[in-house]
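**Student:** Here is what each chain is made of, one letter per residue.
Number of protein chains: 2
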Amino acid sequence: MTIGSAIRATLAVVVASMLPVAAFAQAAEPLASWNDGPAKSRIVGFVQAVTDKSGKDYVPPADRIAVFDNDGTLWSEQPAYFQLLFAIDRVRAIAPANPRWKTQQPFKAAIEGDMKALAASGEKGLLQLVMVSHAGMAPDEFARVVNDWLATARHPKLKRPYTDLVYQPMLEVLDYLRANGFRTYIVSGGGIEFVRAFSEQRYGIPPEQVIGSSVKTRYEVRDGRPTLVRLPEIDFVNDKAGKPVGIHRFIGKRPIAVFGNSDGDFEMLEWGTSGDGPRLGMIVHHDDGVREYAYDRASHVGRLDRGLDEAAKRGWTIASMKRDWKSIYPP
Amino acid sequence: MTIGSAIRATLAVVVASMLPVAAFAQAAEPLASWNDGPAKSRIVGFVQAVTDKSGKDYVPPADRIAVFDNDGTLWSEQPAYFQLLFAIDRVRAIAPANPRWKTQQPFKAAIEGDMKALAASGEKGLLQLVMVSHAGMAPDEFARVVNDWLATARHPKLKRPYTDLVYQPMLEVLDYLRANGFRTYIVSGGGIEFVRAFSEQRYGIPPEQVIGSSVKTRYEVRDGRPTLVRLPEIDFVNDKAGKPVGIHRFIGKRPIAVFGNSDGDFEMLEWGTSGDGPRLGMIVHHDDGVREYAYDRASHVGRLDRGLDEAAKRGWTIASMKRDWKSIYPP
Numbered sequence: 008m009t010i011g012s013a014i015r016a017t018l019a020v021v022v023a024s025m026l027p028v029a030a031f032a033q034a035a036e037p038l039a040s041w042n043d044g045p046a047k048s049r050i051v052g053f054v055q056a057v058t059d060k061s062g063k064d065y066v067p068p069a070d071r072i073a074v075f076d077n078d079g080t081l082w083s084e085q086p087a088y089f090q091l092l093f094a095i096d097r098v099r100a101i102a103p104a105n106p107r108w109k110t111q112q113p114f115k116a117a118i119e120g121d122m123k124a125l126a127a128s129g130e131k132g133l134l135q136l137v138m139v140s141h142a143g144m145a146p147d148e149f150a151r152v153v154n155d156w157l158a159t160a161r162h163p164k165l166k167r168p169y170t171d172l173v174y175q176p177m178l179e180v181l182d183y184l185r186a187n188g189f190r191t192y193i194v195s196g197g198g199i200e201f202v203r204a205f206s207e208q209r210y211g212i213p214p215e216q217v218i219g220s221s222v223k224t225r226y227e228v229r230d231g232r233p234t235l236v237r238l239p240e241i242d243f244v245n246d247k248a249g250k251p252v253g254i255h256r257f258i259g260k261r262p263i264a265v266f267g268n269s270d271g272d273f274e275m276l277e278w279g280t281s282g283d284g285p286r287l288g289m290i291v292h293h294d295d296g297v298r299e300y301a302y303d304r305a306s307h308v309g310r311l312d313r314g315l316d317e318a319a320k321r322g323w324t325i326a327s328m329k330r331d332w333k334s335i336y337p338p
Numbered sequence: 008m009t010i011g012s013a014i015r016a017t018l019a020v021v022v023a024s025m026l027p028v029a030a031f032a033q034a035a036e037p038l039a040s041w042n043d044g045p046a047k048s049r050i051v052g053f054v055q056a057v058t059d060k061s062g063k064d065y066v067p068p069a070d071r072i073a074v075f076d077n078d079g080t081l082w083s084e085q086p087a088y089f090q091l092l093f094a095i096d097r098v099r100a101i102a103p104a105n106p107r108w109k110t111q112q113p114f115k116a117a118i119e120g121d122m123k124a125l126a127a128s129g130e131k132g133l134l135q136l137v138m139v140s141h142a143g144m145a146p147d148e149f150a151r152v153v154n155d156w157l158a159t160a161r162h163p164k165l166k167r168p169y170t171d172l173v174y175q176p177m178l179e180v181l182d183y184l185r186a187n188g189f190r191t192y193i194v195s196g197g198g199i200e201f202v203r204a205f206s207e208q209r210y211g212i213p214p215e216q217v218i219g220s221s222v223k224t225r226y227e228v229r230d231g232r233p234t235l236v237r238l239p240e241i242d243f244v245n246d247k248a249g250k251p252v253g254i255h256r257f258i259g260k261r262p263i264a265v266f267g268n269s270d271g272d273f274e275m276l277e278w279g280t281s282g283d284g285p286r287l288g289m290i291v292h293h294d295d296g297v298r299e300y301a302y303d304r305a306s307h308v309g310r311l312d313r314g315l316d317e318a319a320k321r322g323w324t325i326a327s328m329k330r331d332w333k334s335i336y337p338p
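Order-wise, the sequence lines are chains Z and X. Residue numbers for the first sequence follow my numbering, so the first one is 8 and each next one is one higher. Residue numbers for the second sequence follow my numbering, so the first one is 8 and each next one is one higher.
Mixed in with the good hints, there may be bad ones.
The list cannot tell twin chains apart, which means a pair is met if one copy fits it or any two copies do.
Claimed, not checked - In silico EDC-like pairs for lysine to aspartate or glutamate, Cα to Cα no more than 16 Å straight-line:
no.	residue 1	residue 2
1	K333	D295
2	K260	E215
3	K260	D242
4	K260	E148
5	K260	D147
6	K63	E215
7	K247	E227
8	K260	E207
9	K47	D70
10	K60	D70
11	K123	D43
12	K131	D147
13	K223	D242
14	K333	D294
Note that these hints are calculated values from the structure, not bench results.
Please model the complete structure; the sequences and the hints are all you need to start from.
**Tutor:** See the structure below:
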């Protein structure tokens, strides 16, 4: 061994021994994927204020409740809500057992992949498709179907599993808030059981902290086995003015931090940030057509119009994906 | 001071200094108000089994979910559900603003204190009274009204505040389970907001762990203030087969321990105890006419009939208030 190779060998050991430390240091730095700027400062400043026991804005842990929209806030939602893409795949899979769907909208459009006709069926048609296409099962069967799909389906443009398309900066916000005594809830317009199927593994959010739209469910004893059966009937639409209602029903308290991305989150932002004491409202703005998608006022999915107009006067912070996020998805 | 009085004085100091220790020792003993017997053994054995990491029945903390009916399980329910007594008082208080109630059942009966006519209006009539009589308010206003009533109203027979009429042995079960990593939920046929008004203070159960019947709620901006308004329309009846549905909606998991007292809890007991692994089902039997009330199969309130017949074959334990409980209410 020459002196040079000895030095290189030693260096290699030293570098290797440093690697885990460096990785740890990066993981330990909160909001590592956020660029310095007003959005990151706002989050950090808010968390410091509500956790400072000697400060006037201190909030006890029991009231540190943060709510997050899911589609477009925690993961992508283009070219269509992922649950809708799941529903289309599911309708196709079970279409042979439902011959009437061949002539019945929105099922016909789903089977034929006619996205224009699907869009024309409107929000109600889409919701109907989503709700009806996965009824008749027990919740645990449904969770299995969702997870089977998540394991195999790929995003049409990005060619990655949908659960890869969660936002790394938002995962860091979830971690950072929880490390500071917050409870983090998902408040989704999507189906509660759909989101629950992956929320714990993907976001660290357990099922009891997921609030969403729901179908009616019936309890029955089937062949001697007590079970819950999902019915093809909408029970609650957890969107727009439904979000504060859903939040109150499940939590019974007003959140102090609200994260959304579309006008479907407007009322939840309005309600959460109008309580007494310190409040954080943040809107993820999809303005990065290179790394993700760029859309707002004119989009059919995740339209953001009123929120953009009123954010400033309501004290809500706009987080720009392009400007504020170092990376979009986890490595 | 004689030697005798000196000894007595010293003894008094010694005894006084021991008192807090003795009180602490009693508080630290789990289930101190339970007599030794099958019911206490069942609870202790179950908790030891599911918390023993090396045992075959170990259950991780995330799945240690225990659900409790409220009326008749955590507090008394005779001569009528306390929420019904609240509703009657409330109907009387706001009757001047609702002149039509004078001729309209079940309101007429409530105003006149005609308990027979009230009973004749059936479960639906009573629920209607309960739901309708406290609509039109925001949830926090409603909580204030409930707490004002709880602070002043007295039980007609026992002449004590209703919140004194919680069961000491059950408070100890709640504490014991929580000390062993359980999350404790209330699953009540009563109104979710009614129970939430006192659950945290009385039972140590926060609002997000209360599941109950609900009225529809609307979000609106009133005079510039975002608010939720309780509507006089039933949204969900969390009783009988509704209890497993409510549990699943809120928690998304099947509980492993279920405590009830009436056939209204039958389906929740059935559902909870039919899952895989160790399960605890327990029915509080009101068989103590001296210290509380004695009723079961023939009672209009908290009828327990099928549960008594099937408890043994389903492996549910009957807790006898007379035999198993040293005391009923907190001292």
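**Student:** Taking the hints in turn, state whether each one holds.
**Tutor:** So, going through the hints one by one against the coordinates:
Taking identical chains as interchangeable, the C-alpha atoms of K333 and D295 lie at most 16 Å apart only when both belong to the same chain, with a minimum of 12 Å there against 68 Å between chains. Taking identical chains as interchangeable, the C-alpha atoms of K260 and E215 lie at most 16 Å apart whether they share a chain (15 Å) or sit on different chains (8 Å). For the homomeric pair K260 and D242, neither the shortest alpha-carbon distance inside one copy (22 Å) nor that between copies (19 Å) is at most 16 Å. For the identical chains of this complex, K260 and E148 are inter-copy neighbours only, at 13 Å across copies versus 32 Å inside a copy, given an alpha-carbon limit of 16 Å.
In this assembly of identical chains, K260 and D147 lie within 16 Å of each other by CA distance solely across copies; the values are 9 Å between and 29 Å within a copy. In this assembly of identical chains, the alpha carbons of K63 and E215 never lie at most 16 Å apart, being 31 Å within a copy and 26 Å across copies at closest. Taking CA atoms no more than 16 Å apart as the test, K247 paired with E227 passes between copies only; the shortest distance there is 11 Å, against 33 Å inside one copy. For a Cα distance limit of 16 Å, the shortest separation of K260 from E207 across copies, 12 Å, qualifies, whereas the shortest one inside one copy, 22 Å, does not.
Within a single copy, K47 and D70 get their C-alpha atoms no closer than 22 Å, and across copies no closer than 35 Å, so neither meets the 16 Å cut-off. Taking the shortest Cα distances, K60 and D70 sit within 16 Å of each other inside one copy (14 Å), while across copies they are farther apart (33 Å). Taking the shortest Cα distances, K123 and D43 never come within 16 Å of each other, neither inside one copy (41 Å) nor across copies (70 Å). Taking the shortest alpha-carbon separations for K131 and D147, neither the intra-copy value of 26 Å nor the inter-copy value of 33 Å comes in at or below 16 Å.
Proximity of K223 to D242 under the C-alpha cut-off of 16 Å is found in both arrangements, the shortest distances being 5 Å within a copy and 12 Å between copies. In this homomeric assembly, K333 and D294 come within 16 Å of each other (Cα to Cα) only inside a single copy, at 14 Å, whereas the closest approach across copies is 67 Å.
Checked against the numbered hints given earlier, this structure breaks hints 3, 6, 9, 11, 12; the rest are met.
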